[in-house]
Amino acid sequence: MSAPVWNNAVVKWVDDRLPVFSMLHHSAYEYPTPKNLSYMWNFGSLAGFVLVTMILSGIFLAMNYTPHADMAFWSVERIMRDVNYGWLIRYIHVNGASMFFICVYIHIFRGLYYGSYKAPREMLWWIGILILLAMMATAFMGYVLPWGQMSFWGATVITNLFSAFPIIGDPLVTWLWGGFAVDNPTLNRFFSLHYLMPFVILGLVVLHVWALHTVRSNNPTGVEIKSPQDAIAFHPYYTIKDLFGMGVFLIFFLFFVFFAPDFFGEPDNYIPANPLVTPPHIVPEWYFLPFYAILRSIDFTVFGVPAKLLGVLAMFASIIILFVIPWLDTSKVRSSKYRPVYKWFFLVLFIDCFVLGYCGKKAPDDYFMGIEGLKVITVGQLATLYYFAHFLVVMPLVGKLERPKPLPASISQSVLKEGANA
Amino acid sequence: MSQSVHSSGEHQPDENRRDFLTLATTAVGVVGAGCALLPFVDSMNPSKDVLALASVEVNISNIPVGQAVKVMWRGKPVFIRHRTEREINEAQEVALNELVDPQSDDARVEKKEWLIVVGVCTHLGCIPMGTATGETRGDFDGWYCPCHGSHYDTSGRIRKGPAPANLVVPEYEFLTDTSVKIG
Numbered sequence: 001m002s003a004p005v006w007n008n009a010v011v012k013w014v015d016d017r018l019p020v021f022s023m024l025h026h027s028a029y030e031y032p033t034p035k036n037l038s039y040m041w042n043f044g045s046l047a048g049f050v051l052v053t054m055i056l057s058g059i060f061l062a063m064n065y066t067p068h069a070d071m072a073f074w075s076v077e078r079i080m081r082d083v084n085y086g087w088l089i090r091y092i093h094v095n096g097a098s099m100f101f102i103c104v105y106i107h108i109f110r111g112l113y114y115g116s117y118k119a120p121r122e123m124l125w126w127i128g129i130l131i132l133l134a135m136m137a138t139a140f141m142g143y144v145l146p147w148g149q150m151s152f153w154g155a156t157v158i159t160n161l162f163s164a165f166p167i168i169g170d171p172l173v174t175w176l177w178g179g180f181a182v183d184n185p186t187l188n189r190f191f192s193l194h195y196l197m198p199f200v201i202l203g204l205v206v207l208h209v210w211a212l213h214t215v216r217s218n219n220p221t222g223v224e225i226k227s228p229q230d231a232i233a234f235h236p237y238y239t240i241k242d243l244f245g246m247g248v249f250l251i252f253f254l255f256f257v258f259f260a261p262d263f264f265g266e267p268d269n270y271i272p273a274n275p276l277v278t279p280p281h282i283v284p285e286w287y288f289l290p291f292y293a294i295l296r297s298i299d300f301t302v303f304g305v306p307a308k309l310l311g312v313l314a315m316f317a318s319i320i321i322l323f324v325i326p327w328l329d330t331s332k333v334r335s336s337k338y339r340p341v342y343k344w345f346f347l348v349l350f351i352d353c354f355v356l357g358y359c360g361k362k363a364p365d366d367y368f369m370g371i372e373g374l375k376v377i378t379v380g381q382l383a384t385l386y387y388f389a390h391f392l393v394v395m396p397l398v399g400k401l402e403r404p405k406p407l408p409a410s411i412s413q414s415v416l417k418e419g420a421n422a
Numbered sequence: 001m002s003q004s005v006h007s008s009g010e011h012q013p014d015e016n017r018r019d020f021l022t023l024a025t026t027a028v029g030v031v032g033a034g035c036a037l038l039p040f041v042d043s044m045n046p047s048k049d050v051l052a053l054a055s056v057e058v059n060i061s062n063i064p065v066g067q068a069v070k071v072m073w074r075g076k077p078v079f080i081r082h083r084t085e086r087e088i089n090e091a092q093e094v095a096l097n098e099l100v101d102p103q104s105d106d107a108r109v110e111k112k113e114w115l116i117v118v119g120v121c122t123h124l125g126c127i128p129m130g131t132a133t134g135e136t137r138g139d140f141d142g143w144y145c146p147c148h149g150s151h152y153d154t155s156g157r158i159r160k161g162p163a164p165a166n167l168v169v170p171e172y173e174f175l176t177d178t179s180v181k182i183g
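Chains as they are written, first to last, in the numbering used here: chain A, 1 to 422; chain B, 1 to 183.
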């Protein structure tokens, strides 16, 4: 961990005055990384790559976009038809949003499975949740900008959620809109904030990486680095692995950009916004569907609290609850690899999130997977119940009751043992 | 920090004075920052030109009995329905204790053949269907919101579904028999 010696005179001159090269050397070159990281550890750097892609493509889109209720839709059409490579830049940006959420969701489930939220990584985990919240706000406001039917009505439904709060609800919604309905002032402020938020996310990412480099990466065994044999330098071992993963990921990303650019989108958003006509089915983008299902599943009143407010609170709680799981999880073992019981509950949670997503996509009165008599709303309610029970009941209880498998003495030992078995 | 400067208890009065100054300075700073923030927060509220477009006049002479129209008011649709005798009876005959948001029909109209309500579902702000001829009007002959399935009756009152309240009756007055001013 000694300071590197710079041979280049210019580099040395700069580094003596502002140690940027030393910092980069320290964090991207010699950073001691567990030597057993799997490909599940690729998604953090992939998410960072997508963030940069989104910022760059977004800057170029903003050069041709007009944030006005009368012109926004047609300026986007102009980008698609007339601006050189406008179609490419926009499709990268549109699909990039989905890619960002794919990477981040895999990254979060990785953290949940291997216990990456447990001490001493709580701050790292918290900053991650803040990044997720900031991403959601950014994605929501970005989706409004093309000013299509789904943009307009998505914005109307989501901003109306805040009217559920007693007393302050209505003034708050009027303040968010800057008028008495979603209109030009709303579009203008969403554009301003949509441009700002990625830089807030970038700042949070810097903190996230800082916290990571303070507490070090977790790994598939969940056993900390104990000796130099357990770790290898970040460069070249993980720079090359991250680059290889990025190549594979780009094939996936660009497949959608070039061959199925509207795969994740709603056709209704190619109809200009019309405040007088609501589309028959308002659905959010896929990455919001599980949360939308939780919102809708509360259709009953509890102790006089109206269903609408309860739904909103449940939806926010589904993310806020992640902040306290470092303390809800009572297990002494980090990695689910050594937790024979919890492992299965993790699988149920994983499937539960897909079930919620499915329920969010369908109308409440539809039948679940076409099963006669089984309504989507009922399944959504059960899935919501499990989601909260997983964190509030399963995590504390299983941690106490389960007998974990014996942990390897060190990362090195687990690697050698697995090698011997192969 | 002051403790490292004054190591003994002799300077107690001085320390109290310094603590008070620190607190007072912080308090003034916080209040000042709050005041400075206020114009920025308020700039996001509806501006004067938005507020100025607060009322519209509508000619209702060409709406036949049994039909309804949508007009824009403050960026939202307002439904004006010329109710039939049967619709008026339906609205008046329902018992108030059957209603989610109890309100008599008389309290919601000025002239009983004209129902004027803001066409925004009180659940999450969608536009209910049932104004244009041929659209579904729900189980209670009024309006039906397709987003989350709220049914409204011929007085615009919520009867079934997730919406918590009746369709809002805007402020309006009849200028003549054929003209109404909303807002």
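Calculated from the structure, these hints are not laboratory results.
A few of these clues could be false.
Unchecked claim - Partial selection, computed: residues in chain B whose CB lies under 7 Å from chain A:
id: 1; residue: Met44
id: 2; residue: Asn45
id: 3; residue: Val71
id: 4; residue: Gly75
id: 5; residue: Gly161
id: 6; residue: Ala165
id: 7; residue: Gly183
To be verified - FRET-style restraints, in silico, Cβ to Cβ:
id: 8; chain 1: B; residue 1: Thr26; chain 2: A; residue 2: Val11; range: 51 to 57 Å
id: 9; chain 1: A; residue 1: Phe244; chain 2: B; residue 2: Leu37; range: 33 to 39 Å
id: 10; chain 1: B; residue 1: Ser61; chain 2: A; residue 2: Leu196; range: 47 to 53 Å
id: 11; chain 1: A; residue 1: Val11; chain 2: B; residue 2: Gly32; range: 44 to 50 Å
id: 12; chain 1: A; residue 1: Phe303; chain 2: B; residue 2: Lys112; range: 56 to 62 Å
id: 13; chain 1: A; residue 1: Leu172; chain 2: B; residue 2: Gly32; range: 21 to 27 Å
id: 14; chain 1: B; residue 1: Val31; chain 2: A; residue 2: Pro396; range: 40 to 46 Å
id: 15; chain 1: A; residue 1: Ile271; chain 2: B; residue 2: Glu171; range: 42 to 48 Å
id: 16; chain 1: B; residue 1: Lys112; chain 2: A; residue 2: Ala317; range: 34 to 40 Å
id: 17; chain 1: B; residue 1: Ala27; chain 2: A; residue 2: Met40; range: 46 to 52 Å
id: 18; chain 1: B; residue 1: Ser179; chain 2: A; residue 2: Phe300; range: 42 to 48 Å
Positions of the beta carbon are idealized from the N, C-alpha and C atoms, including for glycine.
Practice item. Report the numbers of all earlier hints that the structure fails to satisfy, in ascending order. Key: 3, 5, 6, 7, 8, 9, 12, 15, 16
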